[in-house]
Amino acid sequence: MLLAGAASVGFALTTGYGTAAAEPSASDSSDSSGASASSSSDGPSSSSPSGGSPHTGATGDGNQPTTTVGGGGHSAAGGTGATSTNTADTSDATADDDPTESAGTVVRHRRTDATTTSPASAKVPRRADADELSAATKSTAPAAHDEKPARADAVSSTEDAAVDDRASSVAVAQPVRAASATPSADFSPAQQAATPPTSVVTIPGAVDTPAVPVEPPSMWTVLAWVRRQLEVSIVAAAYSPRAVVSSSTSASSATSASTVPTVDVKDYGAIGDGVTDDSTAIKAAVAALTSGGRLYIPLGDYRFAQQHPAGDAAIYLNGLSDVTVEFAPGARLLMDNLDANGLGTSHGIRVEGTASHVAILNPTIEWVVRPSARSFGDGISVLGYPSDSPPPSGWTGSTGKVEFVSIVNGRTVNAPQAGAVIMGASDVTVTNFTAIGTLADGLHFNSNRRVTVDGLVAQNTGDDGLAFVTYYDPTQPWTYGPTDGPFNQPGLGEWNNGGSVASHISVTGGRASGVRVQGGYDITISDVTVSGKEFGVQINSAKATGPGDWTSLASRNIHISGVTVDGAQTGIVLGTNNIDGTEDSKWWDFAGSSISDVTIRGSKNWSIAVETPATTTSKFAGITLQNIHAESMAADGPFGGGNGGILLASLRDSVIDDVRLVSDHASDVNLLGAGQLRSGISAEDLPSSNLQVNDLVLQGPGRILIQDIAGVDFGNVASYGADASAVMLYRVSDSTFDHIGAYLPGRGSGAGYGVRLLQVFDVDVEEIEVITDAHVGSTWWAVEFGGGNPTEGVAGRGVRVEDVTYVSDRDATASDIAWQGGPYGPVDWYISATWRHDGETSPQWRSALYGDTSPV
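UniProt numbering applies: residue 1 is where the sequence shown begins, and numbers increase by one.
Some hints here could point you the wrong way.
To be verified - Simulated restraints, written as ranges between beta carbons of each label pair: (1) V856 x S688: 17 to 27 Å; (2) D584 x T791: 27 to 37 Å; (3) Q307 x G592: 14 to 24 Å; (4) A635 x T276: 26 to 36 Å; (5) P490 x V856: 23 to 33 Å.
Read the hints as simulated data drawn from the structure, not as lab findings.
The model shown is predicted, which means the values in this text are computed figures rather than measured ones.
Just so it is clear, CB atoms sit at the ideal spot from N, CA and C, and this is done for glycine as well.
Build the full structure now, drawing on both the sequences and the hints.
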């Protein structure tokens, strides 16, 4: 963000559970505390994460519920009993077609008892992908001697491939533990190929020179023509600013450019030796420039030492149109005008309106001494007024509309504020811009429309690398006063940086975010590389709570894609700062927005954080998170409260599709409802989140926790190599699951679980698949259904699990399925299960139906 002096505002979310139960082993608990989303200067700031003690169990606290173990010949306490059949290997089972879901549309649907798939319709396990297997993996797979039989009530079909696939599923999961040093190998080759290359120039000092990006082809002919004219000394024909902002330049316009008057700063006494103070000469040359003219700065170093110059800039363009400011390649404007306290006193270049068709070519602006603190002065500052109508009475700043401004091959170093700031302008183009060591943003846009950025290198900036930010006030159009920006808008529209596009963005080091969007509308950002920032990408809204804070509405139609984030504190941050979800949706509905095709590596707090204030019923709506792959290695530590995991909290009306975490340490994936829902609202009364979730995957020792949430359609949820619980549903209602997979769970020495269902209501699960070897910790259950207690009532109601497929290498016969009995056990439920233990002398499939009701 842009301006200095903002108060620090932080927030954290703690994934606390109820007090009804305690985990049988502490090895399954982890810190799910929220990490803070922030802006370092003009929005809520970073705060230390606050820890929390998550609920981690299904058994009671003083009123310990009775647990009934499912297995051959056993019946469930308080229920209708379990029918168990030991069978020889027989016929194949029919494989149901997977339902097709639209990732772009959130549609809630509920399966009814009348249409629930029969438990006899065993599905072929889907989690085994042959292209993910390694030779070491295959050697560790449990033997699969015989195919899974149909149950007593099953219709025979084809199942021959099921056992082979199931054995492969075990093999897929095994390397997570055995070869965790390289978990990224578990990604498919296509996923690895999709990772954008990181080509970032590392600069140890703020004034080192980065690699200069190459001009896009559209500029080559124009710049080449300019240089040819210079070589033959036809300086008057050097450049037409309209050629920069128009799509083409005709021969007639090139001919007319030969009459453009040129003002050369050396003709007004500038020396350009880097020692002489050229302030007077530069100001005199600028004063001679008129509309339709060209200001030329030849090769040299031009020292500007005047403090508080007229127009607050070394080069001040006020009300000029059809003008060009051109630096010869290698020419530098050296700003040497800090005050006695080391604070800035002016901009390098300032453009004010009314102005149209202004081109700034090859500007290099460097502060000779790095400022002592963030203070006044941007490398390039453009100030218009964000309206097609004249400014209102009382406004004394820029006199009107500024449009068609181009900055080509710009470079700023050590600016007291931002590298470049554009406020209240239309049709702005920035091509190949470099900002190094600025004390604020690298490139900042406030209340513009139709901005195009093609190529940004921001290094060691004191705030965001790239920021599209517009503030909110229903009546006051300016933020500080009637002389300057930044500007507010009374709603969302084209002047919220609408119709803007940015691409080829590289941000390295420094504070705050690589890319930030706040109060934006219709903005597309692509091809982004961020390294070593506090946050990779951030989209947020906020309410100011004190002086220096900022207020912004929820953005709409924001699309960010093709992102690589390395070594950030948090890779992606989505937040509603100081906003309660009971307020108007303009504060929390980010409708039509998406973040896709992202690779995140080495985040020290959260890889992804949809963060919410813990004390409010907050909401974050309208976002699609798609094809986001995160990797967190222990060597990347030390870690913050998120431990490199994923936090998706308080989402509404959103889509999560192919979001994956690979980790070699206990990083969790958490999908949670809003903070207040953990107290005062029963699980059965949770409001619908209207989410669509598919391919939510964790490869590593942590767990997938789905808590305090309702109204979710899940496709595939899968865990590989969990130390304790693989997948836990706690206080979940009115939701459907196509598939829950737990592969090699319970790797630790404590209690191990495949899938835990704790206080679950009106939930349909098409398939649970648990595949493991012979390892067992202190206790082990493939599936557990419990969590009931005197305070919160029964463990669940209206739960239908159509198919549990459980395969292990153990020498056992039981199903390893447990449910709570007694007065707080589940009611109106069934689990249809088929299992096989390959450690038996003669492995065979067994099946049973548990619960107090039967499938329809």
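Quick check: which numbered hints come out false for this structure? 3, 4, 5
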